[in-house]
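Colleague: The primary structure of each chain is shown beneath.
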Amino acid sequence: MSGAHLAVRGIGKSFRGLRAVSDVAFDVPGGAIHALIGPNGAGKTTCFNMIAGVFAPDTGDIRLDDRSIAGLRPDQICGAGIGRTFQIVKPFMGLTVEENVTIGALARTSHVPEARAAARQILRDLGLDDRRHVRAVNLTLPDRKRLEVARALATGPRLLLLDEVMAGLRPTETDQMVAFLKDLNARTGITILLIEHVMRAVMALSQHIVVLHHGEKIAEGTPQAVTRDPAVLEVYLGQESH
Amino acid sequence: MSIWRRLTDGVPARALGALGLLAALLVVAPFLLRFMSAGDYWLSILILVVYFSYIGQAWNIMMGFAGQLSLGHAIYLGLGGYVAAALYVNLGIGPWLGVFVAVAAAMLAGGLIGFLGFRFSLAGVYFALLTIAFAEFTRILFDHFKWVGGSGGLFLKVEADGSAFNLQGSPLLFYYVILALAAAVFVLCRWLLTSRLGYYWLAIREDPEAAQAAGINVLRTKLLAVLISAGLTAIGGVWSAFYYKSLFPESAFSMGRSIEVTLAPIIGGLGTLFGPIIGSALLVGLGDLFTSLAEWLANTWDVKTAGLKQIGYGIALLLIVMFRRDGVWPWLARRLGFDRQREDRP
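In order, the protein sequences belong to chains H and X. Each residue of the first sequence is one higher than the one before, starting from 1 at the first, in the working numbering. Each residue of the second sequence is one higher than the one before, starting from 1 at the first, in the working numbering.
Worth flagging that the hints you see were computed from the coordinates, not collected in a lab. Check the hints yourself; a few may be wrong.
[Unchecked claim] Straight-line distance between alpha carbons at most 20 Å, and here's what the computed EDC-like set of lysine to aspartate or glutamate pairs gives:
#	chain 1	residue 1	chain 2	residue 2
1	X	Lys304	X	Asp288
2	H	Lys90	X	Asp288
3	X	Lys309	X	Asp339
4	X	Lys146	X	Asp40
5	X	Lys309	X	Glu295
6	H	Lys90	X	Glu250
[What the hints assert, rightly or not] Footprint (simulated), chain H over chain X, 3 or more residues, beta carbon under 8 Å:
#	region
7	188–201
8	208–215
Yeah, the Cβ is synthetic: ideal placement off N, Cα and C, and Gly gets one too.
Just chain X, same shape as in the assembly (with noise of 0.2 Å):
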């Protein structure tokens, strides 16, 4: 009861209610999909807007809680599913117990980032550098790494025997998984709020000199941010690469991966926790959206339209950081009186 007054103290009634309501919704959605024609699809879109919330969330940590820039989170994504597909293919190690060590391996990576970067006091854009430079190290790494395959890629093979022990089954079955991550990381991102921890990184955000005067060690505190970051991050790769089944350095380690996290919350609205997923929701629907306008001018008015997509899709980013620039999510929250005790709301 206690830890429950915690994470709603401060959240309006309303507010709650739609949580719970969305969260239900998440739960029986694919029993509705069944009824509609293109469930499957539907499906297959739903999972990208969880996966996406879900390691947009994680990426969150980090920015919009600490406000410490990562630009190569493909780093912590490509790890966990290396890690975890090669200890099943290579070792027959199963993807529950492949998780822990895909994690260990994503927070040593993310505490060497961290470390020499905060070490070394690199701040805002150099630190991004510095966090891009070692996606990309990573990436010429696995491109030689012959144990995971190389650049010809690491593959996990459909099997016979494949059960939820193993992470392989139904699209149904990574679509709970995903939404039960996602629950969970939301969850945490409220508990950690709510902490001294959650605190001190909302202070390093807003004055980094004035935190640590106030007692704060800087250096720590930013660590643990980038662990969490990186060891959620990883448990969203492993998801990943037993979900698509193969991996390729050139694609898991690469900067437009590494963007993908980002957009989300940043759409959706930096440090909030429904902004990762308002984001997740409006960039997977528009490019769907993109897609099916370019396919259906192209079988009806056989108009060619490559980039299309491509250009909608930029064309939509734009607009909304435009308009919207602290993200969608204050913006909706207010519209909807979802406001915590906050009286003065620009």
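For reference, chain H alone in the conformation it holds in the complex (with noise of 0.2 Å):
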């Protein structure tokens, strides 16, 4: 398995004649962990949802590997090789946690007992397999939050859409899921795009930060320069910016 590259080129999205987004335009590189940050309301989600297929951008394209993937249904968008967490996570409540990840297992193959093997080995490598019986209703958020990771990575993607997964967590347990993402890149080679905002996570993680305010890319670069960068520590600080 190795990382898809995704090319964002100039989508836009318009919600009831609102912009949410308007032509961003960034590049992922295969194998590369980015970084998507901005204050709420930005249009991190929005430009999440329409690469992971929720809906189709008004203008401009998504490409995996150089294949236009904009407009396609969320079940394609995840064959294509894309896997995502969603923001408020959404278990089957109902189902074990190994179920749960068996589920995404099932993407890859249509044999259970394969299925269950592989979410089995996801599970140890997440720490969430003393857990597996139990149903996802009864987890803590931490442990959701892992249980949504577990099953994106389980439909075998090559590129990972993490929706906000360090998100109330304890700074010992965002370490663990940023090792464990680290370790899962280096090994797997898998490209991952992050939408954060543990500051901690993505400064650990990314090497390449993209910044949306109002719905446009007001910058990017590396953690440094993005942190330096006047116009977003206006758009964090509210800094005057002359």
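Hey, can you piece these two chains together into the complex? The hints should help.
Modeller: Okay, structure coming up:
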């Protein structure tokens, strides 16, 4: 398994005349870990939803390994090799942890025992194996976040979209998740794009950051460059820029 | 062997033993009933229990597994019964052949309802309304459909040369046919639940959006639930038409009949395999209990008790639903130690 190259080309989306995202473009090379940051309402999740196929962009194109995926359904996007998590976690509440992840793994194989074995491996990697027979409804929030990642990973993606998987985690849990994702990326070469507010995680993980504000890209670059960018500082800290 | 392992994987041995015992008991029940007074009567009660557990199981595939509420299953029962009966009465085509046409007709109707509903993202009660509407359309259509007798009804004659080949005979024949069907649908449902399709249904029931993000073609998967449920229900409709030997649009496609289908799995436990069986036994048993009570009151004390059965039945259902919200079976299974693997059942 190796990472896929994501190319976002000038995508835009309006909801009832309100522009949520306009003309956003960025690249995530195969095997890279990039972050998408910005204040609340900047359009991060809208961008994710367009990439994941929840809705089609009004303008622009999205390409995965140079194949256009804009306008495909979410299940087709999953089949094309993109796994996603939801900001507000959506585990299959009434099902066990193992069943949740098995369902993800069934995207790759129709053989249930094989899918279950793949699920077990991912649960071990994420430290959820001892809770595999617990129903998702009885999990704590950090465990639900891990389950969300596990289910997305089980579908065998070449690009992983993570929507605030660190939010609500304690610092030690954040560090565990960061370590897991780093190791996963190093081991499999999977491409990762994350939306994150926890800067501790963003700085530790990403090689490149794209900053959105009011639906537009206002900056991008290395973590060090972005955090010194006056436009970014203004957005986050409200400084006068002149 | 591997199919057996797949079907029984994770099922406690005592649950399997109990199931075997239940199956054996049901097979020999008619012989045991011969030694009882009013054995024929009890056989007719048992036939009803098995029949409602069969169609309950079929409905449960849609609601219990895939989470799609159908309140119009009478359309599949009615179509199944009417198609097989009309082919037999009008063209002399026997039910063992007619059942295939009946299943095809029901699947066609189910496919149409499902496609319309799911394509335009009708969910929950709105989808349920659509299923009711289609059952009603069909009732009105059949009221004016002369080839099948219109509102006057369609009747199957009791024939001298009737045999199992044209599904005519004693209640014993009908008992074993419906028992075989119920056993087959039980195994089929278990098999489906251990397949990819079964997992996908549960995923859609729990969260359609997350299911789609996990790569599931939601429209196709939901349609499969409707098609399978409709086809199986139609087989029950064929059986029922030949057992009762008369069909009227007014009752065959009625709302009451649709509701009747849903009660056993709801009372017994949605999405469980034993729910429809336990629920059916409880419902038929309660119904009979209140009928007997009303008769006894009338005969012994000369108390007029019109409606007692309905009121008693209603109150009993209310109590069961109030105190066993997930149905009777999940609670009973815990009591009997039949729980599978899950360590955190509430």
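Colleague: If you draw a straight line from the CA of X:Lys309 to the CA of X:Asp339, is it 20 Å or shorter?
Modeller: Not OK: X:Lys309 and X:Asp339 at ~35 Å, beyond 20 Å, violated.
Colleague: Are the Cα positions of H:Lys90 and X:Asp288 separated by 20 Å at most?
Modeller: Roughly 45 Å between the alpha carbons, so the hint for H:Lys90 and X:Asp288 is violated.
Colleague: Is the listed coverage of the region 208–215 of chain X by chain H valid when you require three or more residues with a beta carbon under 8 Å from a beta carbon of that chain?
Modeller: holds (count 7)
Colleague: Would the pair H:Lys90 and X:Glu250 pass a check requiring their Cα atoms to be no farther apart than 20 Å?
Modeller: Outside the cut-off at roughly 44 Å; violated.
Colleague: Does the structure keep X:Lys309 and X:Glu295 at a Cα separation of 20 Å or less?
Modeller: holds, 10 Å
Colleague: Tell me if the straight-line CA distance from X:Lys304 to X:Asp288 falls inside 20 Å.
Modeller: Distance ~18 Å between X:Lys304 and X:Asp288 Cα, so the pair holds.
Colleague: Checking one constraint from the list: CA of X:Lys146 to CA of X:Asp40, max 20 Å. Satisfied?
Modeller: With Cα atoms ~36 Å apart, X:Lys146 and X:Asp40 exceed 20 Å; violated.
Colleague: Against chain H, does the region 188–201 of chain X show at least 3 residues with beta-carbon separation below 8 Å?
Modeller: holds (count 5)
The earlier numbered hints that this structure contradicts are 2, 3, 4 and 6.
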